[in-house]
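Novice: Sequence:
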Amino acid sequence: MPINKIHDEFHTLDLTTGWEVPPGYPEGIKQKILSGALDEANKGGSRSRLLKFDPGVFTTAPFVHEYWEEVFLVSGDLTVGNDEKGEGGESFPPFTYAVRPPGAFHGPFKSDKGCILFEIHYFDPA
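In case it helps, my numbering puts the sequence shown at residues 1 to 126.
Please note that a few of the clues may not be correct.
Okay, derived cross-link-like pairs now, BS3-like style, lysine-lysine, Cα gap no bigger than 25 Å in a straight line [stated by the list, open to error]:
id	residue 1	residue 2
1	113	30
2	32	43
3	32	113
4	113	85
5	43	85
6	5	43
7	5	30
8	43	30
9	30	85
Simulated from the structure, these hints should not be mistaken for laboratory data.
With the hints as extra help, turn the sequences into a complete structure.
Specialist: Here's what the structure looks like:
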């Protein structure tokens with residue numbers, strides 16, 4: 001399967017528009033798809049996106065999915081492993097990175113001051 005992304009040279013991103021709450025996420029967490037598309041039902045495709053947490057927002061349960069995920073914390077703070085009240089966990093600063101294979105449980109997540117993550121999602125074979 002070919003990678004489903006167009007050739008797109010450097011350009012300024014409009015960070016004021018195009019944000020949406022991903023299915024299953026709480027309000028205050030929004031994504032902006034930069035390139036590609038992920039077809040979870042048919043286990044195909046790839047996408048690059050920005051994921052933005054508003055200050056104080058948190059999730060309450062771990063995530064698991066059937067695709068590869070690479071995550072780079074661009075700005076702000078991200079805590080991993082908080083409880084259902086948003087307490088506890090391990091905090092990470094900008095310029096930290098994670099890669100997760102399909103089936104890896106991860107999270108819950110919170111951000112005290114807000115953050116922006118750059119994520120790449122894809123199915124095998126890429």
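Novice: For residue 5 and residue 30, compute the direct alpha-carbon distance and say whether it is at most 25 Å.
Specialist: OK: residue 5 and residue 30 at ~21 Å, within 25 Å.
Novice: Hinted pair, alpha-carbon criterion (25 Å max): residue 113, residue 85. Please report holds or violated.
Specialist: holds (17 Å)
Novice: Would you mind confirming whether the straight-line C-alpha gap from residue 113 to residue 30 stays at or under 25 Å?
Specialist: At roughly 15 Å apart (the allowed maximum being 25 Å), residue 30 and residue 113 satisfy the hint.
Novice: Within 25 Å, alpha carbon to alpha carbon, are residue 43 and residue 85?
Specialist: Not satisfied, since the Cα-Cα distance of roughly 33 Å exceeds 25 Å.
Novice: Can you confirm whether the C-alpha distance between residue 43 and residue 30 stays at or below 25 Å?
Specialist: Roughly 23 Å between the alpha carbons, so the hint for residue 43 and residue 30 holds.
Novice: Decide if the proposed pair is consistent with the structure: residue 32 and residue 43, CA atoms, cutoff 25 Å inclusive.
Specialist: holds (21 Å)
Novice: Does the structure keep residue 30 and residue 85 at a Cα separation of 25 Å or less?
Specialist: Holds: residue 30 and residue 85 sit about 20 Å apart, inside 25 Å.
Novice: With a cut-off of 25 Å on the C-alpha distance, tell me whether residue 5 and residue 43 pass.
Specialist: Satisfied, since the Cα-Cα distance of roughly 16 Å is no more than 25 Å.
Novice: Below or equal to 25 Å on CA atoms is what counts here, so check residue 32 against residue 113.
Specialist: holds (19 Å)
Figure legend: structure checked against the earlier numbered hints; the only hint not met is number 5.
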